[in-house]
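Student: Okay, here's what each chain looks like letter by letter:
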Amino acid sequence: MADRPLSRAVKDFLGEAEEIIEKLNLDLVELGDAVERGGDPDLLNGIFRGAHSIKGLAGMFGFNDISELAHHMENILDNLRLDKIPLTQTLIQTLLDAVEVLTRLANGKAAEDDFTLDISPILARIASAAENGGEETEGDRLKSLGIDPSILSVLTEYEEHRLLENVRKGHHLLQLRIAFNLASFDQDLAEMSDRLKTQGEVISTLPGTGDQPERIAFQLLYGTDSDPGQIKTFLDRNDLQVDLLVPGSAAKGAASPSSPSGPDTPAQRTPEPASPESPSKMPAKETGPAAEAGGMSLRSISRTVRVDIDKLDSLMNIVGELVLSKGAIATLCDTLKSEGVTESAAQLQKATRVLERRLTELQKGVMEVRMVPVLQLFEKVSRIVRRVAGEQCKQVTLDIRGAETELDKLIVEDLADPLMHIVRNAIDHGVESSEEREACGKQSKATICLWAMQKGNHVVIEIHDDGRGIDPEKVRRKAVQKGLIDNDVQLSREALIDLIMMPGFSTRDEVSELSGRGVGMDVVKNNIASLSGMIEVESRVGEGTSVAITLPITLAIIKALIVQVENKTYALPINSVLETLMMDSASIRTIERREVIELRDTTLPLLRLGQLFGLASASSPAKRSYVVVVGMADKKMGIVVDDMLGQQDVVIKSLGRTLSFVRGIAGAADLGNQRTILVLDVGGLMSETLRGDAAIYV
Amino acid sequence: MLKKILITEDSPTMRSLIISTLADMGDFEIVEAANGFEALRILPREKVDLVITDINMPDINGLELVSFVKNNPNYRSIPLFIISTEGRERDREKGLALGADAYLVKPFSPDELQALVRRYLN
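Protein sequence lines, in the order shown, are assigned to chains E and B.
Residue 532 is where the first sequence starts when you use the working numbering, and the numbers rise one by one after that.
Residue 238 is where the second sequence starts when you use the working numbering, and the numbers rise one by one after that.
Excised from the complex, chain E in its bound form (with noise of 0.2 Å):
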């Protein structure tokens, strides 16, 4: 696990860079409109403050990339300044490009700080461009590109100027990697050109040996709109590789559409991209705000789209009745069979087969563009911890790590909340004022641990500090006072410390303006809870709390395990299953009035769901019954039940507000042939169980 801790003042910086990155693109632009006029000393000034300031910054925070390319950027403008050079539009298409690079590498420093770019090939540019006075030859432009030498080395000149007339539009440049039989190659490839050019330009076709002696491999080089994937789902052919040798970067809009007559003719072309006469492609300057620059280097770095959570959640769904679907055609199938129709049935499983694994890449597929990193939520806690540790005069240091961990975003969403309140609590009762640290011999500024780490199926968040601990005593006082609990039940002292999770427990008399707000640990238990997910909380007076929040990586579809208890029907998420036992009734002890059986030396605490949900009817201990041995976290225990009716894909859907109090149980479930199911909820159940008092409270 990374430690990735989110200095603030890296934000600051990122912060400051952000603004005069897009301050310089929007200057070199206007700056590019007054190239006719002789240019503009002030703009071009402030566009070199600019650079400076970037350089100066970032070297502070050691981004050496970030502060050399501004160095080099400094030092050319620092030249326009004086009037070394001239102004041309070719070296202020260089700068916005560097621009757009420093753009990129600052933005990836906010994702990830060791993010780095190879940035001599623009470098290089700028060098080339100082040398030239401005003017750079297409040959500088295309080692300034990056390109595999060995690919260059087979275009003519002409072939070279498309190329680069090609990136100078923002085309994508791609290559191609195909082969064909040697006995139809020609039409195949001519075949797959013509296609190519109704989407781009087949700039070069470059002939290899294939795998095989009567294959032979060709290697094209094409400026495209399209990403590699498009063109992979374009021309829809397995043997096909296709890989981006150099991104396209001029906003689409800004490109003229590729139509299907092809590309421009070379009669059409100027000669020299790099004149005057031919300004490149600013669309900053045509949609005019500086969000718009942004926008476009966004896309450049990470190509990635922003979409709307519900459009995710109703693909979701989609595939969710896709599964539902493919398991109703699986029931047909065995109909089929029993009825005689065997082979009709094994056609129609093996389809079902293919079919399932389709459904099952596209489940992933869908599942992992939902999934997010907890970074943007620990970073949101990091400010709600900064502010309130500064409005209480408290000393506070965040410990962040895992961040990079990831998690659905529907439960990244719904677990700001509560983790702010975890983490206000934390503040408010937890850590001690300075004095009083240091009264205790402890350092005077706390630390407050924000930790995520992936457990195989599950996420852990911890919320740890080192301030005062809950006292299980007061939290006893406090719970006979307010009638939760007798005064002569004993509990343990994790018994106690759960009490705080209790409706209407609050262990400070005047509620707190900031973790108060009539919000108590036990709506963030049910917070917790309505994710499927568990909460332990872990004490020690003096030494601190810690609060360990165990949830599933992804809600909607689950592999469930479908069980029987008293002719009901429950699904039983099978991440949490651990094995499955055929239950001895022999076995069984007790223990504390509660049953337990012995499972390879350690002591199962059962769970006997009939009892539960109030379903047991008269007693028929007679009966065959088996134990799912579940895990959460570091606990286990056995769920008893009269029969496994196998595993299935299911979709949980919620249960409605009005529902949501019911302990237990995570949601409701289809089970594809018109039958809703209840899927428990074995977080909830464990802590229940575990707590030694399995009653649910209702």
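Keep in mind that the hints were calculated from the coordinates and are not lab data.
Computed from a predicted structure; not experimentally measured.
Misleading hints may appear alongside valid ones.
Label pairs and their calculated CB-CB ranges [said to hold, decoys possible]: (1) E:Leu863 to B:Pro281: 28 to 36 Å; (2) E:Gln718 to B:Asp264: 31 to 39 Å; (3) B:Asn308 to E:Ala882: 42 to 50 Å.
Glycine residues also receive a C-beta, built at the ideal position from the N, C-alpha and C atoms.
Given chain E, put chain B in place with the hints provided.
Tutor: Okay, now just chain B, sitting in the frame of chain E:
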């Protein structure tokens, strides 16, 4: 056995000009390719002793053909000449860098071609 020469050239006139230049030298078996693709097809089929190619052709360019020949272990040792109207220094440099054995600029001198053929086929 007669030496076999593959001529890759899209202009029939230029092809016959090359062929007649070669014919003056003696007997050769000439295989003609009107474009790069035909050359790609001929190479694995015929045991060629020399390749002469143009640069500007409709499908693949001569440089690409040079790269193909010189990167394929089966053909690498076949001598290859480029005959092109492209007198540009860059194309010439590239062709030779890719492994072409000679670069002639059209209109080529028959003597020069003959001398080269003699040198590489003997």
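Student: Now, for every hint given, state plainly whether the structure supports it.
Tutor: Right, here's what the structure says about each hint:
1. Look at Leu863 of chain E against Pro281 of chain B: about 53 Å separates their beta carbons, and that is not inside 28 to 36 Å.
2. Under the hint 31 to 39 Å, the C-beta atoms of Gln718 of chain E and Asp264 of chain B, about 35 Å apart, fit the expected range.
3. Against the hinted window of 42 to 50 Å, the Cβ-Cβ separation of Asn308 of chain B and Ala882 of chain E comes to about 44 Å, which satisfies the hint.
Of the numbered hints listed earlier, the single one contradicted by the structure is hint 1.
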